[in-house]
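Number of protein chains: 2
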Amino acid sequence: MNDGTPTPWHLTPPTFQEIEEAARRIRGVLVETPLLESECLNARLGGRLLVKAEGLQRTGSFKARGAWNRLSLLSSEERSHGVVAFSSGNHAQAVAWAGQRLGIGTVVIAMPSDAPAAKIERTRGWGAEVVLYDRATEDREALGRRLAAERGLILVPPYDDRRVIAGAATLGLEVTQQAKAMGAVPDALVVCCAGGGLTAGCALALETLTPTTRVFAAEPEGFDDTARSLAAGMRLGNAPGATSICDAVQAPMPGILTFSINAPRLGGGLVVSDTEALQAMRVAFEEFRLVVEPGAAVAFAAALCGRLPVANRIVAVVLTGANVDPGMYQRALSTIT
Amino acid sequence: MNDGTPTPWHLTPPTFQEIEEAARRIRGVLVETPLLESECLNARLGGRLLVKAEGLQRTGSFKARGAWNRLSLLSSEERSHGVVAFSSGNHAQAVAWAGQRLGIGTVVIAMPSDAPAAKIERTRGWGAEVVLYDRATEDREALGRRLAAERGLILVPPYDDRRVIAGAATLGLEVTQQAKAMGAVPDALVVCCAGGGLTAGCALALETLTPTTRVFAAEPEGFDDTARSLAAGMRLGNAPGATSICDAVQAPMPGILTFSINAPRLGGGLVVSDTEALQAMRVAFEEFRLVVEPGAAVAFAAALCGRLPVANRIVAVVLTGANVDPGMYQRALSTIT
Chain A
1 MNDGTPTPWH LTPPTFQEIE EAARRIRGVL VETPLLESEC LNARLGGRLL
51 VKAEGLQRTG SFKARGAWNR LSLLSSEERS HGVVAFSSGN HAQAVAWAGQ
101 RLGIGTVVIA MPSDAPAAKI ERTRGWGAEV VLYDRATEDR EALGRRLAAE
151 RGLILVPPYD DRRVIAGAAT LGLEVTQQAK AMGAVPDALV VCCAGGGLTA
201 GCALALETLT PTTRVFAAEP EGFDDTARSL AAGMRLGNAP GATSICDAVQ
251 APMPGILTFS INAPRLGGGL VVSDTEALQA MRVAFEEFRL VVEPGAAVAF
301 AAALCGRLPV ANRIVAVVLT GANVDPGMYQ RALSTIT
Chain B
1 MNDGTPTPWH LTPPTFQEIE EAARRIRGVL VETPLLESEC LNARLGGRLL
51 VKAEGLQRTG SFKARGAWNR LSLLSSEERS HGVVAFSSGN HAQAVAWAGQ
101 RLGIGTVVIA MPSDAPAAKI ERTRGWGAEV VLYDRATEDR EALGRRLAAE
151 RGLILVPPYD DRRVIAGAAT LGLEVTQQAK AMGAVPDALV VCCAGGGLTA
201 GCALALETLT PTTRVFAAEP EGFDDTARSL AAGMRLGNAP GATSICDAVQ
251 APMPGILTFS INAPRLGGGL VVSDTEALQA MRVAFEEFRL VVEPGAAVAF
301 AAALCGRLPV ANRIVAVVLT GANVDPGMYQ RALSTIT
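Residue numbers (full-length UniProt numbering), protein chains in the order written: chain A, 1 to 337; chain B, 1 to 337.
Be careful, since some hints might not be right.
Which copy? The list can't say, so a pair holds if one copy fits it or any two copies do.
Stated by the list, open to error - The list that follows gives simulated cross-link-like pairs (lysine to aspartate or glutamate, EDC-like), each with its CA atoms no further than 16 Å apart:
(1) K119 / E20
(2) K119 / E286
(3) K180 / E77
(4) K119 / E37
(5) K180 / E32
(6) K119 / E129
(7) K180 / E37
(8) K180 / D160
Note that these hints are calculated values from the structure, not bench results.
Isolated chain A (complex conformation) (with noise of 0.2 Å):
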């Protein structure tokens, strides 16, 4: 970026219009999933939490905002020739429904060999052809961008892109709305965060709506780039070999527009343990009877925990998805909290 060429278009970041219209694209199409707040937990806190049961979206989370904004953007001739991404998990399933909704006759889909076969299915289920790749040894990226240049194919980033942020920003803009109604100005908004694209739409619009609302990034140990790069000023990524349960959550490194809107605006990133967000999926279950995949849950569980004081505050947390299989819900729901 600072090599003299001009930034792309869409590694800018959205206007304030773009999501509001945005917003009315989504309309009647996905699920205004609703704002909870648990008298009990409340008490327990000695404050207000709201929580954003974005499990409840279609295809199980967030990305489908983005992916349907996106996708409707598309030109007609552009949807003739069809889409390409790149996901082992939940942007692969919001590509390949939306792509399937809006009638693109060809979505193709880069996902790791080893992903779980129910994800596989379920994108191939929605129509999308399913090229494996090996983790190890192929670079997905550079897979999708070839895969785009040799098929003639719309490549649709996970979130570096101003179209993909706009869609998941509206999640922020439902947020400002449904607490309104509930009476209700969040002090913070804690959102889990991978490559930043929710999180950086968040930030957008909650700045425009409720510039008092302070925006967290929450990650799992091992995977805690974002808060690393806040603090340092610079996009820093994770050392290899971390693992997690939270897989929905583990970007290599923040991307290059999600930072440059994260950096000035964020009040910092929060990290919480696989345990913690073990616990955090039980107590969703009991306060909120809410399905919580672990990578959703490290937001919820970062207030829970005191990473960001709720006492004598409004707090506000996304849970951002619930692709979570039978067995890891299970072991959730055996933990001791």
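Given chain A, put chain B in place with the hints provided.
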């Protein structure tokens, strides 16, 4: 009713206007729970299945609607006296919660001594005084009336009250509006049925809003009193000694008011087994990532098992609650579908 004495006002059906007033009363306090659908499931069933995720309601069930509406309608003098209700589960929690939210000083709930500890604890957590009784030797209705008389409390019945039914009916209002926003007018609505209050409320609401929608009651085997009563044209009780894991839908027989509303309006009763309810809980997890309790899964189960055909039609089902303990939920997730 046929002995010449006039029917008490509270045992006559609410008007549509009262249902609309109840809807205004709950706004901003209760959750507008989402109406969801799954393309995968629709493809499998060959039609459109819309599910109302009412387990996300305050206190985890639709009972919060009736409790809130009834308690909101108390005069300030009545509020100063306090209220009493009897229930082993969802109605207990709903009345305790609504009483606390409305600042009603005395809320007494008669609960069986063998009710789940967590439900008793939660009811107490909302500030209610819990009076335990022996399910084997005491009559809960008589106990409720006695507590009301002795302590000057207002009795809040679980279903046979026009204000409770008007509150429950707001769910029917919401389903209709949400379906319309999704471009759908349901051919049928299936409601989990115990005393019949929610079923009656929905039947009244839909009669005005979408008279082409047929309403059905779903029940578990052994507690199919409404199905048999509808077929016989008179209120029939369940045979003693039946057991079911569907604890939330076990009324001894249809209510007086609810049956008078349901008998001329319903399309019939649908009956499912405990195993079918468990399978439906697992499908709700897989397709919608929703927690459902066994008794709240019977309407969904009826549609999944073909008790009510979905092919080439639009069928809406209500998942009425989600107050299930982790052990039972893990059992459902281990069920083969």
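Structure-based check of all given hints:
For the identical chains of this complex, K119 and E20 are neighbours neither inside a copy (31 Å) nor across copies (43 Å), given an alpha-carbon limit of 16 Å. Taking identical chains as interchangeable, the C-alpha atoms of K119 and E286 lie at most 16 Å apart only when they sit on different chains, with a minimum of 11 Å there against 27 Å within one chain. In this assembly of identical chains, the alpha carbons of K180 and E77 never lie at most 16 Å apart, being 41 Å within a copy and 32 Å across copies at closest. Taking the shortest alpha-carbon separations for K119 and E37, neither the intra-copy value of 30 Å nor the inter-copy value of 18 Å comes in at or below 16 Å.
For the identical chains of this complex, K180 and E32 are neighbours both inside a copy (15 Å) and across copies (15 Å), given an alpha-carbon limit of 16 Å. For the identical chains of this complex, K119 and E129 are intra-copy neighbours only, at 13 Å inside a copy versus 48 Å across copies, given an alpha-carbon limit of 16 Å. In this homomeric assembly, K180 and E37 come within 16 Å of each other (Cα to Cα) only inside a single copy, at 13 Å, whereas the closest approach across copies is 27 Å. Proximity of K180 to D160 under the C-alpha cut-off of 16 Å is found in neither arrangement, the shortest distances being 30 Å within a copy and 35 Å between copies.
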